[in-house]
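*Asks:* These are the residues of each chain, in order.
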Amino acid sequence: MKAPRLSAPVLLLTPAVIVLAAVVLVPLALSLYSSFTSFRLTRPASFFNVIWFDNYLSILTNWDFWVAFGRTVLLLTVALNLEMLLGLGLAMLVERATRGQRVLRTLMMFPMMFSPILVGFQFKFMFNDNVGVVNNALQSLGLTDAAIPWLIDGTLAFIAISIAEIWSSTSVFAILILAGLLAMPKEPIEAARVDGCTPWQTFRYVTWPFVMPFAYIAMTIRSLDVARAYDIVKIMTDGGPAGRTELLWTLVGRTAYGDARMGMANAMAYVSILLSIAFTYYFFRKLAAARTQIGAEW
Amino acid sequence: MDDNASARLTTRLLSIGHAVGLFLAMTVICLPGIWIILTSLRPPVEIMAKPPVWIPQEMNLDAYVAMFSGVGKGGIPVIEYFRNSLIISVTSTVIAIVIGMAGGYAFARFRFSGKSGWFLGLMLTRTVPGIALSLPLFFVYARLGIIDTHFGLILAYVALNIPFTIWLIDGFFRQVPKDLAEAAQIDGCTRWQAFWQVEFPLAGPGIASAAIFAFLTCWNEFALASQLTRSVNSKTLPVGLLDYTAEFTIDWRGMCALAVVMIIPALTLTFIVQKHLVGGLTSGAVKG
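As they're listed, the protein sequences go chains A and B.
Heads up: the first sequence runs through residues 4 to 301, numbered per the numbering used here.
Heads up: the second sequence runs through residues 87 to 374, numbered per the numbering used here.
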C-alpha cells in the first residue's frame with residue numbers, strides 16, 4: 004500500500020506550523036494549565052497544585068488589575084486613533100510636496116528603526132524633570148519656573164508615554180497611507196472637482212474610501228504588535244510611581260518575576276493575550292470588509 | 087480686491103502653510119534622534135548643567151572610548167553584546183526566511199481549504215505579547231537548560247518572525263505573474279526549476295526586504311530577551327542598555343552613545359529596505 008501523498012501546500016506550511024506549535028502553542032497550553040494552579044517560582048512543587056479558577060476569580064476582584072486593564076485599553080485607543088489621524092495628515096503633507104519627496108519619505112521612516120526600548124529611554128531622557136530637554140526648553144522660554152514632574156505625576160506620565168508611543172508608530176500609518184495615496188488614480192479626484200465638490204467632500208467621498216484599506220493594513224500591523232508598549236513603559240516609568248502608569252503587560256511581568264506568582268501571572272497573561280487577539284481580529288475583519296467594498300474597482 | 091488676486095493670495099498662503107506644517111512635522115520626527123547623538127558627544131557637566139547649556143561648548147568622543155574600553159573602566163561589555171545580537175539576529179533571520187518562503191509560496195500559489203483561516207491563525211500567533219509568551223518559555227527553557235544560550239533566543243525569534251515573513255513574502259510572490267512560471271514549465275522546467283529560476287529571482291528584492299525586516303525585529307526585541315538572557319553569554323544590545331541604569335542614577339551620556347551604536351545598523355538597513363517593504367505589505371493585503 005502506498006502512503007497517501009501529501010499535497011504541496013501542506014508540505015510547504017508544515018515547517019512553519021511545527022515551529023509555531025513548538026515555540027508558541029505548546030508553551031501557551033502549558034501556561035493555560037499553570038494559570039489553574041497556585042504555581043510559584045520559588046516552590047516548584049506548587050506546579051501540580053491545581054486550584055481551578057481561583058486565580059481568575061481573584062483577578063476579577065483585583066482592583067489594581069482592572070485599573071491596569073482599563074489604562075491599557077485607554078492607551079491603545081488614544082494612541083491608535085491619534086497615530087491614524089497624524090499619519091493621515093503627515094501622508095497628505097508629504098504627498099503634496101512637490102520637491103524632495105524621496106528625502107521626506109526617508110525621514111518619515113526614521114522613528115520606525117528605533118527599538119521600542121530606545122524610544123522609551125530617549126523619551127525618559129527628554130521628559131526628565133531635572134535635565135530633560137522638555138523642561139529645560141520650557142524654563143528657558145520662561146513659560147514656567149518649576150520643574151514639571153513629567154514622569155512622576157500619574158496623568159503627566161500617561162501623556163508622556165502616549166507621546167512616546169505615538170512618536171514611534173505614526174510613521175507606520177504615514178507610510179502605508181502614503182502608499183495608498185500614491186497608488187490612487189487621479190481621474191476620480193479630477194472628476195469630483197469638475198462636478199463641483201468642495202475639497203472636504205472630495206476627501207471624504209473619493210480619497211478616503213480609497214485609502215481606507217491601507218489604513219486598515221497599518222492598523223492590523225500595529226495591532227499585531229501592540230504589546231510593544233511594554234518596552235516603552237518598562238523603561239520610562241516601570242509602571243510606577245506606585246502603579247500609576249501600570250499597564251496590563253508590566254503588571255504581568257511584575258507578578259511573574261517580581262512576586263514569583265507564576266500561576267496568577269499566567270492567568271493575567273491570558274487576559275492580555277485575549278485582548279491582543281480581539282484587537283487583531285477586529286482589524287482583520289475591517290480589512291476584509293474594506294477590501295470587498297473597493298474590490299470592484301480593482 | 088478682485089477675485090483673481092484673492093485666489094492667488096489664498097494659494098500662496100496655503101503653500102506657505104503647507105511648507106511650515108511639513109517643516110514642523112519633520113522637526114518633531116528628527117529631533118529626538120539628533121538630541122541623542124548630540125548628548126553622546128557632550129561632556130556630562132554640560133548635560134547636567136543648570137541652567138541648561140544650549141550651544142555645545144565642547145564635543146568629544148569620550149563616551150564611545152569609555153564604552154569600548156571594557157568592563158571596569160567605566161565601560162560595559164559592548165563588544166560581546168554586539169556579537170550576541172549579531173549572531174542571534176542573523177541566524178534566526180535566515181531560518182525564518184527559509185520557512186517563511188515555503189509558507190508564503192503556499193499562500194500565494196495554491197488554493198486549499200480554510201486558506202484565510204490558516205492565514206489568520208498564523209498571524210494570531212504573532213499577537214501574543216512578548217511578556218506573556220516569556221512566562222511559559224522561561225519555565226520550559228529553564229527545564230531544558232537553554233536559558234542564557236544563543237539557541238534559546240534564536241528559536242524564540244524564528245517563531246516570532248515567521249508570521250510576518252509569510253505575510254510579506256506572500257505579497258511579493260503575488261506580484262510575480264503566475265503565467266511566467268507556467269510558461270517555464272511548458273518549456274520543460276520542473277516546478278522546482280521554475281521556482282528557482284523564474285519566480286525566486288523576480289521576488290528576490292522583496293524577500294531581501296522581508297529578511298531585513300525580520301533582522302530588525304530581532305535586533306530591537308526586548309521583552310523576551312530581558313527574561314531569557316542572564317549574562318554576557320547571550321545578552322543582546324537592548325538588554326545591555328539597562329546596564330547603564332543604576333538604582334537612582336542613569337549614565338545618560340553612556341546610554342546615548344550605546345543608543346547610537348544600536349541605531350546605526352538599523353538605520354542603514356531600513357534605508358535599503360524602505361521601497362520594497364511597503365509594496366509587499368500592501369499588495370499581499372489589498373489585492374488578495
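There could be a bad hint or two in this list.
Said to hold, decoys possible - DSBU-like, lysine-lysine: derived pairs with alpha carbons at most 35 angstroms apart:
| id | chain 1 | residue 1 | chain 2 | residue 2 |
| --- | --- | --- | --- | --- |
| 1 | A | K289 | B | K264 |
| 2 | A | K189 | B | K136 |
| 3 | B | K201 | A | K289 |
| 4 | B | K264 | B | K201 |
| 5 | A | K189 | A | K289 |
These are computed hints drawn from the structure, not numbers from a lab.
*Asks:* When the structure is checked against the list of hints, which entries are broken? Sort them ascending.
*Replies:* When the structure is compared with the hints, only number 2 turns out to be violated.
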